[in-house]
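Visitor: Sequence:
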Amino acid sequence: MTDTDRLITKYSKIANSLIGRIESGEFPPGSKLPSLRKICLFEECNLSTAVEAFGILQERGFISGRERSGYFVLPRPELYPKYKLEKPVRVSNPSVPEEVSSLMSELADPGFIPFGAAVPDPQFLPYSSLQKSYKKSLKDSQVYKYSDAAGILELRKKIAIRSSGKERRVRPEEVFITLGCSEAAFLALSLSTKPGDKVAVESPLHFVLYQILSELKLKAIEIPTDPLTGLDLQSYVSVIKKESPKFLITIPTFSNPSGSLMPLGSKKELLKISSKYGVKILEDDIYGDLQHNGDIRPSSLLSLDTEGIVTQVSSLSKSVNPGLRIGWMISDQIRVENARRLRLVEAISLPAIPQLAASYFIGSLAHERHLREFRRRLGGLVLSYADSFLEYFPKGTKVAIPKGGFLLWIELPKGKDSRILRFQAAKKKISLVPGNLFSLSGKYVNNFRINAGVLMGPKVISAIQTLGKIAKEI
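Once you know that position 369 of the sequence shown is 513 in the working numbering, the rest is easy, because the numbers rise by one and skip nothing.
The hints are all genuine.
With a cut-off of at most 35 Å between alpha-carbon atoms, the simulated DSBU-like pairs for lysine-lysine come out as follows: (1) Lys587 - Lys424; (2) Lys587 - Lys539; (3) Lys390 - Lys424; (4) Lys276 - Lys603; (5) Lys416 - Lys338; (6) Lys547 - Lys182.
Derived CB-CB ranges, DEER-like: (7) Ala510 - Gly559: 47 to 55 Å; (8) Gly205 - Pro339: 38 to 46 Å; (9) Arg181 - Ser358: 51 to 59 Å; (10) Leu509 - Lys571: 44 to 52 Å.
Think of the hints as simulated: they come from the structure by calculation, not from any bench.
Beta carbons: idealized from backbone N, C-alpha and C, even for Gly.
Between the sequences and the hints, there should be enough to build the whole structure, so can you do that?
Guide: Okay, structure coming up:
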């Protein structure tokens with residue numbers, strides 16, 4: 145046996161030993177593994193061998209590394225939602241249930257535990273750095289002028305740089321500033337479609353996007369997704385051949401609600417398929433900066449697009465501050481110019497101060513430090529939430545663990561109805577979003593979405609315990 149063989153045998157042995165301890169329950173989901181230094185001490189190995197062993201566990205989906213926090217055990221695959229990949233569903237006249245209105249009222253009520261709101265805990269937000277950016281903006285002469293209808297140029301330059309990739313360089317002329325991501329999505333679709341057009345949508349999908357489809361009177365075809373890897377490409381091809389949709393709406397990077405991340409190879413294949421059949425893509429990339437592992441951001445569809453078929457919408461609402469109301473649409477110049485003409489008629493320009501503050505903050509050292517710390521804390525927090533729901537909810541509950549963002553997509557045992565859970569929870573001043581709101585055809589009634597971006601504390605743990613008790617009774 146060579147020295148290399150002995151080394152491989154050593155780290156494989158360590159990996160298998162740790163897997164056995166995880167599967168036996170010694171290290172339950174959400175728990176932290178011993179540090180690499182302790183593993184070296186216990187196993188009498190060097191650091192590189194321990195790193196290789198942990199690498200095996202990561203590749204096989206047993207653990208997840210958290211920057212400056214260590215390695216944590218992930219729920220096993222059997223605890224992940226595995227909803228059946230059903231056939232695509234055509235919805236000729238999309239409409240959003242009336243309960244969305246009452247749900248939004250709950251989300252705005254400060255007396256509720258905000259599990260339903262997809263916004264980070266205020267304590268994660270970079271208040272001090274943003275205040276400094278606001279002070280700088282007040283000294284800028286542009287505050288006292290109308291800004292460009294498409295948005296302040298310096299801000300558009302910053303967004304263009306951060307949105308570019310090796311395959312696709314974004315120019316400032318392709319960036320249009322909006323009041324958040326929802327306005328960007330509405331604008332992108334309204335400028336590209338007409339009533340009656342067919343649009344393919346991944347399912348489940350954020351209900352605000354469904355509201356836009358309804359308002360624009362578009363016909364939707366729901367395409368099934370996998371809760372871990374996103375859009376099912378085989379179903380997408382079948383929909384294209386049968387229905388000839390004009391657009392695809394997708395959130396390929398940390399989807400809302402499932403948190404799924406489409407693998408890089410699948411993203412490239414999606415672009416090839418769409419280009420081949422002439423389908424344009426609307427990519428919502430609002431959670432793209434919030435990967436949990438390291439500083440390597442998953443590639444967006446836009447950054448991989450060499451054919452000009454992707455229009456991307458995003459904002460700073462999830463990663464920096466929802467109150468800024470800074471969003472954007474990145475598209476071809478024709479669509480941006482059309483959006484500019486609409487802006488000139490409707491409002492002339494957006495307020496300058498938030499745009500300037502955002503332009504001073506984006507790309508700064510303070511911004512990068514904030515994102516690194518935010519990602520690090522989110523990774524551990526999401527795992528803690530997942531562990532708590534698996535502990536307090538009925539046996540058979542499943543939780544999809546995202547690799548980024550702060551949303552959890554939870555599946556109740558068969559026969560449980562998340563709509564009942566939501567109404568019972570509201571009586572206890574706890575908000576959540578039932579799964580049926582993420583489907584135009586009313587699917588996912590035993591799923592619900594939770595905001596795991598709320599800092600843990602006694603009130604939060606008590607709320608999860610209360611939800612678990614309700615879930616067991618319904």
